[in-house]
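**Student:** Read off the chains here:
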Amino acid sequence: AQKITQTQPGMFVQEKEAVTLDCTYDTSDPSYGLFWYKQPSSGEMIFLIYQGSYDQQNATEGRYSLNFQKARKSANLVISASQLGDSAMYFCAMREGWNQGGKLIFGQGTELSVKP
Amino acid sequence: DVKVTQSSRYLVKRTGEKVFLECVQDMDHENMFWYRQDPGLGLRLIYFSYDVKMKEKGDIPEGYSVSREKKERFSLILESASTNQTSMYLCASSSPPGTGGISPLHFGNGTRLTVT
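Chains A and B are the protein sequences, given in the same order.
1 is the number of the first residue of the first sequence in our numbering; add one for each residue after it.
117 is the number of the first residue of the second sequence in our numbering; add one for each residue after it.
Treat the hints with caution; some may be incorrect.
[To be verified] Computed footprint of chain B on chain A; a stretch qualifies when at least three of its residues, placed anywhere within it, have a C-beta under 8 Å from a C-beta of chain B:
id	region
1	45-51
2	84-98
3	105-112
Keep in mind the hints are simulated off the structure, nothing from the lab.
C-beta atoms are modelled at their ideal positions from N, C-alpha and C, and glycine is treated no differently.
With the rest of the complex left out, here is chain B (with noise of 0.2 Å):
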């Protein structure tokens, strides 16, 4: 079964701190994706990562930056956190979609974050 961990379950942090949040696959897979859900918004996407390096801005990627040096490791930095940055951070990861496009993303339990 593919397992993605991040690091914290629950965050609190004050205004203006750098907060870093962590994502590991151990599936080996290409892919790694950032989202927060936020209600009546469904999740939206901040950035995601199709190699080592290699980073792609999503949706939503102000206030965002990300680091990909290991192909199992996919991490999220807030450089400057904001309260309107509090929600629901969700990390996934898949294979590359191929032929006929099945390759479901697996998701992370999700780190709830609080600015304050």
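If we strip away everything but chain A, and leave its shape as in the complex, we get (with noise of 0.2 Å):
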């Protein structure tokens, strides 16, 4: 089974808009963490935002926010007032446990991309 699944393999907004990248994760491990990277076309990959299964509130960073709804197991990105350089792949991943190597578990991805 998918541990990590995006189920948006494309998405377009409007510049200056919002928008929300779906995210949701599977686990029976109590302690794991969720991460979003971004990969612009030039190929390296951007960490941007994390959220630990512990944490109370949702993590924020900068434009960047994380939807955490443990009970449903989804771990959405919102970016807001989207700009032209958001244009890119988006993948989630999740590491289970503290104490397993540190290895994470990516999603298929999301392209987003964004419209003057």
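Two chains, two frames, a set of hints: combine them into the complex.
**Tutor:** Structure below.
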């Protein structure tokens, strides 16, 4: 079974609007962390935001926020006030447990296109 | 800033060749990882290492091996390259997650390998 699922292969958003990228996860470990990465066309992977399973509040980093709904096992990324430079692939990833070598499990990715 | 350097950006090899992909990090990270990235499949873990001379299989280790003789260097080896190993290969490093789980992976810029 897929541990991380991103159901939107591609999305379009108008510049300056907000957009939500979906991510659902599956784990039985009570200790886990959720990450979002951005990959522009240059290929580099840029870490955006992190949410731990015990964190009480949703994580925020500038224009990025993570809508964490633990009971639904979802960790959606919200980008506010989209910019042209936000056009990229976005990956959701999960780390299960704190003592398993630190590996991340990635979703399939969502390609976001921001239209002027 | 963490720097993860992959020795080649583009590589073209013939079927049956032995291929070495090299990765060096400069942040004294214990953990290092090799992923491959394919469209629609996201990033899949091939191998990872949490210490010198230690290695663990990821989700798709078949056809690959790794070597970690020094802390800063993690090599991926394709013993006999095949066309289905044509892909983007990404190396990453991180410190151990610890309690709370945050410790993002820092990625290199990737090696696009084509096997003909």
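**Student:** If a hint holds in the structure, say so; if it does not, say that too.
**Tutor:** Each hint, compared with the structure:
Requiring three or more residues with a Cβ within less than 8 Å of a Cβ of chain B, the coverage given for the region 45-51 of chain A holds, as 3 such residues are present. Counting residues of the region 84-98 of chain A whose CB lies closer than 8 Å to any CB of chain B gives 4, which reaches the minimum of 3, so the coverage claim holds. Only residues whose C-beta sits within less than 8 Å of a C-beta in chain B count toward coverage, and the region 105-112 of chain A has 5 of them, enough to reach three; the restraint holds.
Consistency note: the structure conflicts with none of the earlier hints.
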